[in-house]
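Enquirer: In case you want the letters, here they are:
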Amino acid sequence: MLDPYRIREDFPILERKINNYPLIYFDNAATTQKPRQVIEAIKEFYEKYNANVHRAVHTLSQEASELYENAHEEVANFINANGMEEIIFVRGTTEAINLVVYAWGLRNLKEGDEVLVTLMEHHSNIVPWEILSKINGFQVKYAEVNDDGTLNYEALENAISNKTKIFCLPHVSNVTGVINDVKRVTKIAHEYGSLVLVDGAQSVPHLPVDVKDLDVDLLAFSGHKMLGPTGLGALYGNREILEKMEPFHGGGEMIRQVTFNTMTRQCSISLNDLPWKFEAGTPNISGGVGLMAAIKYLKDIGMENVKAHEETLTEYAMHRMKECTKVRIYGPENVSVKCGIIPFIVDGVGSHDVALFFDNYGIMIRSGFHCAQPLHEKFKLKSSARASFYIYNTREEIDRFIEVLKEIEQF
Amino acid sequence: MSSVEDHVARIEETCGEEKDFVVIFKYNKKDEVITKILEKATVKKSVSRIIFELTFQSISFRLYGTGKAIFRNLKDKDELKNILADLLS
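Going down the list, the sequences are from chains A and B. Just so it is clear: in the first sequence, position 10 is 10 by the working numbering, and no numbers are missing. Just so it is clear: in the second sequence, position 37 is 37 by the working numbering, and no numbers are missing.
Note that these hints are calculated values from the structure, not bench results. Because the structure is a prediction, the values reported are computed rather than measured. A hint or two may mislead.
Here are the simulated lysine-lysine pairs, DSSO-like style, with alpha carbons at most 27 angstroms apart [what the hints assert, rightly or not]:
{"no.": "1", "chain 1": "A", "residue 1": "Lys378", "chain 2": "B", "residue 2": "Lys30"}
{"no.": "2", "chain 1": "A", "residue 1": "Lys17", "chain 2": "B", "residue 2": "Lys26"}
{"no.": "3", "chain 1": "B", "residue 1": "Lys77", "chain 2": "A", "residue 2": "Lys382"}
{"no.": "4", "chain 1": "A", "residue 1": "Lys110", "chain 2": "A", "residue 2": "Lys134"}
{"no.": "5", "chain 1": "B", "residue 1": "Lys45", "chain 2": "A", "residue 2": "Lys382"}
{"no.": "6", "chain 1": "A", "residue 1": "Lys406", "chain 2": "B", "residue 2": "Lys44"}
{"no.": "7", "chain 1": "A", "residue 1": "Lys380", "chain 2": "B", "residue 2": "Lys19"}
{"no.": "8", "chain 1": "B", "residue 1": "Lys19", "chain 2": "A", "residue 2": "Lys17"}
{"no.": "9", "chain 1": "B", "residue 1": "Lys19", "chain 2": "A", "residue 2": "Lys326"}
{"no.": "10", "chain 1": "B", "residue 1": "Lys75", "chain 2": "A", "residue 2": "Lys380"}
{"no.": "11", "chain 1": "B", "residue 1": "Lys30", "chain 2": "B", "residue 2": "Lys45"}
{"no.": "12", "chain 1": "A", "residue 1": "Lys326", "chain 2": "B", "residue 2": "Lys44"}
{"no.": "13", "chain 1": "B", "residue 1": "Lys19", "chain 2": "A", "residue 2": "Lys382"}
{"no.": "14", "chain 1": "A", "residue 1": "Lys382", "chain 2": "B", "residue 2": "Lys81"}
Residues from chain A that keep clear of chain B, each with C-beta distances beyond 10 angstroms, as calculated [what the hints assert, rightly or not]:
{"no.": "15", "residue": "Glu66"}
{"no.": "16", "residue": "Asp215"}
{"no.": "17", "residue": "Ile301"}
{"no.": "18", "residue": "Leu356"}
{"no.": "19", "residue": "Thr394"}
{"no.": "20", "residue": "Gln410"}
All C-beta atoms, glycine included, are put in the ideal place defined by N, C-alpha and C.
Work out the full structure, taking the sequences as your base and the hints as a guide.
Expert: Have a look at this one:
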């Protein structure tokens, strides 16, 4: 079992007071706090190993390169990929999805083709496809969601066809916390010859994810949502698919040779190996080091324990929120099909007011659309408040949250 | 420096149909701002000095003891700035 009280000692920010109240951080779906181990790893990198990676012969560069490559290996191992060739470092989930859209979609999607996404998608898995569809002329279709926020698998089976070239879905909804049955939909999609791109931003940090078991083709996630630094995420891609994809960005690092032909006065280029083919320019080396430390931290705890802890907290919070008569929770009631995210509204009080009221007591929650407007429209909501939990949250914090929620109801 | 620039740290325009404006007043000026606003606006309701529901020039808004305020149903940021200028002058 996970001991949140012991874990909290590793997070310096949790010692902070906000508005004279102890900080309660329930905005983990947006970003997580960083343990001392991650902060120290980044500090140590800059104090001892900082140099640009690859192609330099000096000692510092070789040490930095080794650390950066080890970070790729650590990520690969964490999600059971075949190796670092299948892990591309990017700025985050959004950039990972955009990489797929432009490096794969731009060249493989044409008029008559369909991209299937879900209504529970984060905007980052809708907008890039919609933009490209205006250029390439393919259609973006939306798989239906049930009233409780779960994916409608029957509707999905009807929506998918031989025209579907890629099916995109979140592993876990960033609004409701619903865990989608990725294995099931991957099987359906593959029967139609479609690729599967999974937005793992809310799953990789919170539950065990095995890309081989799920049989996904592409998986995007962000380091900062799993204790790592901002500005570094990863795209997993099946090696065979990545080999066939053209680069996203051009520049240094992603190229092996640029030769100038003096007769034709043209340059010819040959691309670098995976994963560097997709990592143009000087990468976020310290970010990689930080993410490696974050993954080691999570592995020490055990992802099964992370999931179990969040499930316990979510069950307790949802149970106690029922004491509040003006509070409505969205998403499924069964906590075993969801992660630690609770969207809710308080009748008669706007979600931003709810968040500001909590802020007064040092409790950080999110309000708005959470970058998922289509799902809010499905729920007929103008916005919602969202509490989301992680490894350092406790039952006592939830008790305090409920006390304040009851106070908000009085307004 | 205008009264708005002098007292306001940030203005956040929230996403969604509601298009609320969240005004965050400068931390070191928040007590002064709250006093000024409470003098000028009419208090309709308050909860233990944490939250005040106010009206000013027929506009309803909420002010928080933490030095933040939410304005709704405004046309745009310019209208907000005009109201803030009047409230903070």
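Enquirer: Check whether the Cα positions of A/Lys17 and B/Lys26 lie no farther apart than 27 angstroms.
Expert: Given pair A/Lys17, B/Lys26 holds - Cα atoms ~18 angstroms apart, limit 27 angstroms.
Enquirer: Below or equal to 27 angstroms on CA atoms is what counts here, so check A/Lys406 against B/Lys44.
Expert: holds, 21 angstroms
Enquirer: Would the hint linking B/Lys77 and A/Lys382 be met if the CA-CA limit is 27 angstroms?
Expert: holds, 20 angstroms
Enquirer: Hinted pair, alpha-carbon criterion (27 angstroms max): B/Lys45, A/Lys382. Please report holds or violated.
Expert: Holds. B/Lys45 to A/Lys382 sits at ~24 angstroms (cutoff 27 angstroms).
Enquirer: When you check the alpha-carbon spacing of B/Lys19 and A/Lys17, does it fall within 27 angstroms?
Expert: It is violated: about 30 angstroms lies between the C-alpha atoms, which goes past 27 angstroms.
Enquirer: For A/Lys378 and B/Lys30, compute the direct alpha-carbon distance and say whether it is at most 27 angstroms.
Expert: Not satisfied, since the Cα-Cα distance of roughly 39 angstroms exceeds 27 angstroms.
Enquirer: Minimum Cβ separation between A/Gln410 and chain B greater than 10 angstroms?
Expert: violated, 7 angstroms
Enquirer: Mind checking the alpha carbons of B/Lys75 and A/Lys380 for me, to see if they're no more than 27 angstroms apart?
Expert: holds, 23 angstroms
Enquirer: CA of A/Lys110 to CA of A/Lys134, is that 27 angstroms or under?
Expert: Holds. A/Lys110 to A/Lys134 sits at ~11 angstroms (cutoff 27 angstroms).
Enquirer: For a C-alpha distance cap of 27 angstroms, please report whether A/Lys380 and B/Lys19 respect it.
Expert: Judged against 27 angstroms, a Cα distance of about 16 angstroms means the pair holds.
Enquirer: Keeping to a limit of 27 angstroms between CA atoms, is the pair of B/Lys19 and A/Lys326 held or broken?
Expert: holds, 23 angstroms
Enquirer: A cut-off of 10 angstroms on Cβ-Cβ distance, and A/Glu66 was said to be off the interface with chain B. Does that hold?
Expert: Its Cβ never comes within 10 angstroms of chain B, the nearest being 42 angstroms, so this holds.
When the structure is compared with the earlier hints, violations turn up for hints 1, 8, 18 and 20 and for no others.
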